[in-house]
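Enquirer: Sequence:
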Amino acid sequence: MCVMIGWGLIYGRQEHPHLMQAHIKKISVSECKNRVRPVGATITRNHICVFEDTDDPHESSTICDGDSGGPLMCGKNLEFVAGVVSWTDHSCSGKIPAVYTRVSQYLKWIAKTVPSSKDFVYTPQMEDVIDSFIKLIRH
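Just so it is clear: in the sequence shown, position 73 is 73 by full-length UniProt numbering, and no numbers are missing.
The hints are simulated quantities; they were obtained by calculation from the structure and are not laboratory data.
All values reported here derive from a predicted model rather than from experimental measurement.
Check before you lean on any hint, since a few could be wrong.
[Said to hold, decoys possible] Derived lysine-lysine pairs resembling DSS-like cross-links, with alpha carbons at most 25 Å apart:
#, residue 1, residue 2
1, Lys112, Lys26
2, Lys33, Lys112
3, Lys112, Lys25
[Unchecked claim] If you anchor each label on the Cβ, the simulated ranges turn out as follows:
#, residue 1, residue 2, range
4, Tyr106, Glu79, 11 to 21 Å
5, Ile10, Thr113, 29 to 39 Å
6, Met1, Gln105, 36 to 46 Å
7, Ser68, Arg45, 30 to 40 Å
8, Leu19, Gly75, 32 to 42 Å
9, Glu127, Asn46, 17 to 27 Å
10, Arg37, Pro17, 14 to 24 Å
11, Arg37, Glu127, 19 to 29 Å
12, Thr113, His18, 26 to 36 Å
13, Val84, His23, 33 to 43 Å
14, Glu127, Asn34, 17 to 27 Å
15, Ser68, Trp109, 16 to 26 Å
Using N, Cα and C, we set each Cβ at its ideal position, and we do this for glycine too.
Using the sequences and the hints, build the whole thing.
Expert: Here is the structure:
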């Protein structure tokens, strides 16, 4: 189970004054490919898709305009950012999965490019730690 968080529109048109969150389940890459086929989108292992199958758009949890760049928090205690909002259908209806960029695919780049402090030095030994973490969180 994961939690999506964002300030985006609700029901595709209304602004909300508070930061919103919703529990949501990840779906497989193959299921996501099938569900986005009608819009002609490409899904790869660089993506995480979340989807809640419901007929009522008011009961659906999805991302919408204003959520871009927001986190998908996962793990037993929601301890890591698994994804960053990428896109969904423009209607925000929840009929198409919400698509996130998979953070684990970019951990080495992040570690090299965005140091956590000015004293941070990226070393080759860190690659082993990052590789172990990636294996742990991949599904």
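Enquirer: None of the hints should be skipped; say for each whether it holds.
Expert: Each hint, compared with the structure:
no. : hint                         : in the structure
1   : Lys112 <-> Lys26             : violated (28 Å)
2   : Lys33 <-> Lys112             : violated (31 Å)
3   : Lys112 <-> Lys25             : violated (31 Å)
4   : Tyr106 <-> Glu79: 11 to 21 Å : holds (18 Å)
5   : Ile10 <-> Thr113: 29 to 39 Å : holds (34 Å)
6   : Met1 <-> Gln105: 36 to 46 Å  : violated (21 Å)
7   : Ser68 <-> Arg45: 30 to 40 Å  : violated (21 Å)
8   : Leu19 <-> Gly75: 32 to 42 Å  : violated (20 Å)
9   : Glu127 <-> Asn46: 17 to 27 Å : holds (19 Å)
10  : Arg37 <-> Pro17: 14 to 24 Å  : violated (36 Å)
11  : Arg37 <-> Glu127: 19 to 29 Å : violated (36 Å)
12  : Thr113 <-> His18: 26 to 36 Å : holds (32 Å)
13  : Val84 <-> His23: 33 to 43 Å  : violated (18 Å)
14  : Glu127 <-> Asn34: 17 to 27 Å : violated (35 Å)
15  : Ser68 <-> Trp109: 16 to 26 Å : holds (19 Å)
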